[in-house]
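Colleague: Line by line, the protein sequences are chains A and B.
Heads up: the first sequence runs through residues 1 to 292, numbered per this note's numbering.
Heads up: the second sequence runs through residues 293 to 615, numbered per this note's numbering.
Among the hints, erroneous ones may be present.
Computed Cβ-Cβ distance ranges for the label pairs, DEER-style [stated by the list, open to error]:
| hint | chain 1 | residue 1 | chain 2 | residue 2 | range |
| --- | --- | --- | --- | --- | --- |
| 1 | A | ASP283 | B | ASP357 | 20 to 30 Å |
| 2 | A | MET181 | B | GLU588 | 39 to 49 Å |
| 3 | A | MET181 | B | GLU463 | 15 to 25 Å |
| 4 | A | ILE93 | B | ASN366 | 55 to 65 Å |
| 5 | A | ILE194 | B | SER431 | 29 to 39 Å |
To be clear about the criterion: a stretch of chain A counts as covered by chain B if any three or more of its residues have a C-beta under 8 Å from a C-beta of chain B, and this derived list gives those stretches [unchecked claim]:
| hint | region |
| --- | --- |
| 6 | 173-186 |
| 7 | 200-213 |
None of these hints come from the bench; they were simulated from the model.
Glycine included, each C-beta is placed from N, C-alpha and C at the ideal position.
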Amino acid sequence: MSEMSAPYQQKSRFMAFHQRMAKSKPLGAFGGAVFALFLICGVFADLLAPYGLNETNMLERLQSPSFLHILGTDHLGRDVFSRILFGAQLSVIVGFMAAGLATVISIVLGVVTGYFGGRTDMLIQRFVDAWMTFPDLVLLIVVISIVGPGVTQIVVILGCLYGIAGSRIIRGSVIGIRENMYTHAAQSMGARTIHILWFHILPNVMPIVIVLFTTRVGAVILAEAGLSFLGLGVPPPAPTWGSMLSGTGRTYMYLGPWLALAPGICLTMVVYAINVYGDALRDLLDPRMRGS
Amino acid sequence: MSLLSINNLSVSFQTDRGVVQAVDQVSFDVDAGETLAIVGESGSGKSVTALSILQLLGDAGTISDGQIVFDGQNLLDLPEKDIRNIRGDRIAMIFQEPMSSLNPVLTIGKQVAEPIWLHRKKTWNEALDQAEELIKKVSIPDARQRLDAYPHQFSGGMRQRVMIAMALACEPKLIIADEPTTALDVTVQAQILSLLKNLTTELNSALILITHDLGVVARYADRVAVMYGGRIVESATAAELYKHPKHPYTEGLMASIPTLDGEPGSRLQTIEGQPPDLLHMPAGCAFHPRCPYAAEICKHAKPSLKEVEANHFRACVGYESIS
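Go ahead and model the full structure; you've got the sequences and the hints to work with.
Modeller: Below is the structure:
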């Protein structure tokens, strides 16, 4: 019985949390809803898209939005709406993988430096300092120019970039948690350090990790769009929002403004939604705000 | 042979302002099943003594001298791995603040099951079942439901019961309780201590009770060691110590307990002066600046613990020179 009810309870806690958010942070809840819609579009793009990804139709080039093509067609007669959906899919993949990688790196570096302190902390955090002096975009352009564009490269580079910088936030909260009596109590109970980190420290930084992950997804999507805009993103014909904006969008801006507007608005909406959702999460999950 | 035998333990702390000798040549024994109270004011070294038994002093503290023999093994000779296996399993500790000693984001069940899972080769579910039993044992009703509760849903007294359950989880031979009731209401204090005492008696575990509350000592301790300035100044059975305190400091402590049959409006007795500054310990006997009987010799000679009557030890040169 208890095994049966466990996932149900999990789900209901998730729902209850978001109901609370809808009440106290309506904008954040709206952001969450847009984010959820974006996820659904991304995951089920193959089912939702009315046309194929690269289905060209030269007779229907540069058509303005109609019932047949909700968001019009591009210079090769491809359905823009379908490409937006497939673009969402790519953004979800890149966003989640890079943000996931970034979160793992942040947790490992942050928890290790925060908990052990001393020389370990000194060495690793000076490296982090040095890393953070490089402007993100410059670093991205240099590395991508060397290794060449591609999904894997972008995920790894963005993951490292945000992960290393984010370790600071985790480290800061671990330093506070480390000094709590329960970590000493765990030690007096005969727990190994690794057990203390996993069992006692990690659950305490989870609220921060969730917020960090969410905001990172938005940042990664934006960074990937920026790279695609510069021609360093996922190479064509992959339909990324950034390349739709820079390629066809810019070239045919006067003939077909929808070509630039559609990916532009989608990108703005999604990143904005993720950010307000992340802000609301931070406000609600922050232990200092708990119970208020 | 006694369960725990501490010989000439000295602990010092490296601080920015110098070296602090927190514990100085302390020796005592604890027999199986016995309750020993260590009393003293803040900074007298009682907590540091307790922490050094499990070697939980942190980076700043070092055990500079002495032996801690537990079950025939000198704990100071053991590698970290073996000490870790003793912690929580054969020697358990209960801390002062039940508010911060429990992890706020973990359920009570998980935290009580943790020591079992760490030391007994059991699955997590078996450990949780045992945790339920333990929660029942410390008289918390609705144990099953309470397993899923979080610490903030518990009162201070209930949290301290949880801490006791955690300490008893592996049926340790020795429990060290560092001021277990300081943060609690007076009415709850008595409940918690009785519970602790009963459960340790049931398990035939020894208990080291660290406190500054003489009322607690009188009711629950078999033997008492009084600490002052990092040294034990007097040790005797609880009854003997109350009836016939033999050290000037203990005398002062006993005299400062307010009594119900005292003269109304009479002033409370106090011990004049301040506790010693650990960085600048007085030479000779640490208590001499506050001692009403202080003689010239007290300023130079460091008194050592001597048996003045059967099972009654005292460290005082002044008394010796008088009598």
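Colleague: Taking the hints in turn, state whether each one holds.
Modeller: To see whether the hints hold, each was checked on the structure:
1. A:ASP283 x B:ASP357: 20 to 30 Å: 54 Å, violated
2. A:MET181 x B:GLU588: 39 to 49 Å: 46 Å Cβ-Cβ, so the 39 to 49 Å window holds.
3. A:MET181 x B:GLU463: 15 to 25 Å: Holds - the Cβ-Cβ distance for MET181 (chain A) and GLU463 (chain B), about 24 Å, lies within 15 to 25 Å.
4. A:ILE93 x B:ASN366: 55 to 65 Å: 60 Å, holds
5. A:ILE194 x B:SER431: 29 to 39 Å: 35 Å, holds
6. 173-186: holds (count 6)
7. 200-213: holds (count 4)
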